[in-house]
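Number of protein chains: 2
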Amino acid sequence: MEINFDKTSIIGVGLIGASLGLAMRKKGLCTSIHGFGRREGNLLRAKEKGIIDSYSLDLKKVCEDSDLIVLSTPVGVFLEIVKNISPYLKKGSIIIDVGSVKGRLVYEIEAIMPEGVFYIGTHPIAGSDKSGIDDARPELFEGARCIITPTDKTDRDSLEKINLLWQKVGSHVELMDPLKHDEIYGAVSHLPHIIAYSLVNTIGEINHEYIKYAGQGFKDTTRIALSSPELWRDIVIYNRENLLRLLEVFKGELKKLEEFLKNSESEAIKDIFQRARDLRHRLQNE
Amino acid sequence: MEINFDKTSIIGVGLIGASLGLAMRKKGLCTSIHGFGRREGNLLRAKEKGIIDSYSLDLKKVCEDSDLIVLSTPVGVFLEIVKNISPYLKKGSIIIDVGSVKGRLVYEIEAIMPEGVFYIGTHPIAGSDKSGIDDARPELFEGARCIITPTDKTDRDSLEKINLLWQKVGSHVELMDPLKHDEIYGAVSHLPHIIAYSLVNTIGEINHEYIKYAGQGFKDTTRIALSSPELWRDIVIYNRENLLRLLEVFKGELKKLEEFLKNSESEAIKDIFQRARDLRHRLQNE
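In order, the protein sequence lines correspond to chains A and U.
Oh and the first sequence: position 190 is 190 in our numbering, straight run, nothing missing.
Oh and the second sequence: position 232 is 232 in our numbering, straight run, nothing missing.
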């Protein structure tokens, strides 16, 4: 099946939005790309770099007549954007988002979709601590997982097109229930961010000068603390129920180690480290 | 000043011990290198790779007549080894260790040093999740920090020689109080290990199948959970007092985020993330 989203609009031209634009252009999946954002300087640079053909600070201008609208702002403003653009949307157009939370947000967006416009939630696993267009590249999604989270109400034709879109740009697509998505990514992505930010702030709390003694281990462990505070604030707030539960489990793991440390229970500590190491080893072999 | 440790003995031929041997040989800092270890297969391979000239499973044979003895086993057996080899040590010989904890261990080792034998505690910041001789290389210490932890009793002549040794193999040497060392490295190295192991075990606790959804962020954050459980068991037990204190501070940071999450205090969460990001940024600029 061939797909072409004639006019594609990117709402929030950052790492993911810009990379998707570049990838779609490279694979011939659209005719023109239009950008919306808050900072004109960024949009102008995106145009100069050939990521978008035109831009506007007016959402209406960017979205009317669009065949595909990509929400790639921080997740906290998706609902507001959808409400704002609803009156101008063309019948048959498709909205996707590329946010790192799905869950109830997917149902909330779905609930306000105008008649004849279709929404598909997607999450390309290609984010990083980088968030700007300077790191955008068309190959970003190649070999990366992309989770698509349809619901019972999802339009099957649009789902098929969006599935194909992500495959064409190189992703391995997996369909998943929106709530399950947030449970899983809460554990393997959102919780690690909270931990990395907290670990860096622990050094700040003790003595911020100690940071200069950090070696490669600390750098790796806290690299994701360089991620955009705005993007991650929205993500953790949306997924807070899973996160609060996950934090309890994580604190339970710390508690075990604390007790064993207090009593110098050397073998028990080794067993805990060994169990973690065995599980972590599975990742290297995939 | 020129230095040459005629006969050098490496007790525990792993990543650090083997790399130091290779570096010393390359820089002409010794005449011959002898290895002791628990596993003959590993020692044989070290000999075949040209890391050591000879080996024995008998500590006495390896250490007698040595000019330099390098303790590079897990830190938990340093004291036992020193006790065992004390009767055979040559007058004027120097013992160094390359362990990741110093603190009271330095004073404990110092206290059992035989007359005329000198001990210097050192910590090359060049460890990784790798721990075997296959990753050993003479350049491992080039550009890396090496902390040396003298005490009031440290022999100044030996200190000068060991300082020079680490500089000759490419390290940036810094002298530090042994207790201060453990406070700092507890924060920037030992605590991150405990956290990384606990994070991986959290996934194991929730659903170990979720690990396959982990992206680059999770991989980086938990890379150090691949580190040797034996080495790290000893390190965290020796530094447990600092670690228990550090864990309290870390849990305090988690607690702040939890409270803000419960109340969806979006700006407060962003501020916390921003503070961490600012501090973490300092590392990239050094």
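The hints are simulated quantities; they were obtained by calculation from the structure and are not laboratory data.
Values in this document were obtained by computation on a predicted structure and should not be read as measured data.
Be aware that one or more of the hints could be misleading.
If chains are identical, the list can't say which one is meant, so a pair holds when it fits in one copy or spans any two.
[Said to hold, decoys possible] Below 27 Å or equal to it, Euclidean Cα-Cα: the simulated DSSO-like pairs (lysine-lysine) are: (1) LYS61 x LYS27; (2) LYS219 x LYS61; (3) LYS212 x LYS168; (4) LYS7 x LYS256; (5) LYS251 x LYS262; (6) LYS60 x LYS262; (7) LYS212 x LYS256; (8) LYS47 x LYS61; (9) LYS251 x LYS270; (10) LYS219 x LYS270; (11) LYS255 x LYS219; (12) LYS49 x LYS61; (13) LYS83 x LYS168; (14) LYS270 x LYS161; (15) LYS180 x LYS7; (16) LYS91 x LYS219; (17) LYS251 x LYS153; (18) LYS270 x LYS212; (19) LYS83 x LYS26; (20) LYS270 x LYS83.
Each hint, compared with the structure:
no. : hint            : in the structure
1   : LYS61 x LYS27   : within (25 Å within a copy, 68 Å between copies)
2   : LYS219 x LYS61  : neither (43 Å within a copy, 41 Å between copies)
3   : LYS212 x LYS168 : between (44 Å within a copy, 23 Å between copies)
4   : LYS7 x LYS256   : neither (55 Å within a copy, 45 Å between copies)
5   : LYS251 x LYS262 : both (16 Å within a copy, 16 Å between copies)
6   : LYS60 x LYS262  : neither (62 Å within a copy, 36 Å between copies)
7   : LYS212 x LYS256 : between (30 Å within a copy, 25 Å between copies)
8   : LYS47 x LYS61   : within (16 Å within a copy, 72 Å between copies)
9   : LYS251 x LYS270 : both (19 Å within a copy, 22 Å between copies)
10  : LYS219 x LYS270 : both (24 Å within a copy, 21 Å between copies)
11  : LYS255 x LYS219 : both (25 Å within a copy, 23 Å between copies)
12  : LYS49 x LYS61   : within (21 Å within a copy, 68 Å between copies)
13  : LYS83 x LYS168  : neither (30 Å within a copy, 66 Å between copies)
14  : LYS270 x LYS161 : neither (50 Å within a copy, 36 Å between copies)
15  : LYS180 x LYS7   : neither (32 Å within a copy, 62 Å between copies)
16  : LYS91 x LYS219  : neither (49 Å within a copy, 42 Å between copies)
17  : LYS251 x LYS153 : neither (38 Å within a copy, 42 Å between copies)
18  : LYS270 x LYS212 : between (29 Å within a copy, 24 Å between copies)
19  : LYS83 x LYS26   : neither (31 Å within a copy, 68 Å between copies)
20  : LYS270 x LYS83  : between (54 Å within a copy, 25 Å between copies)
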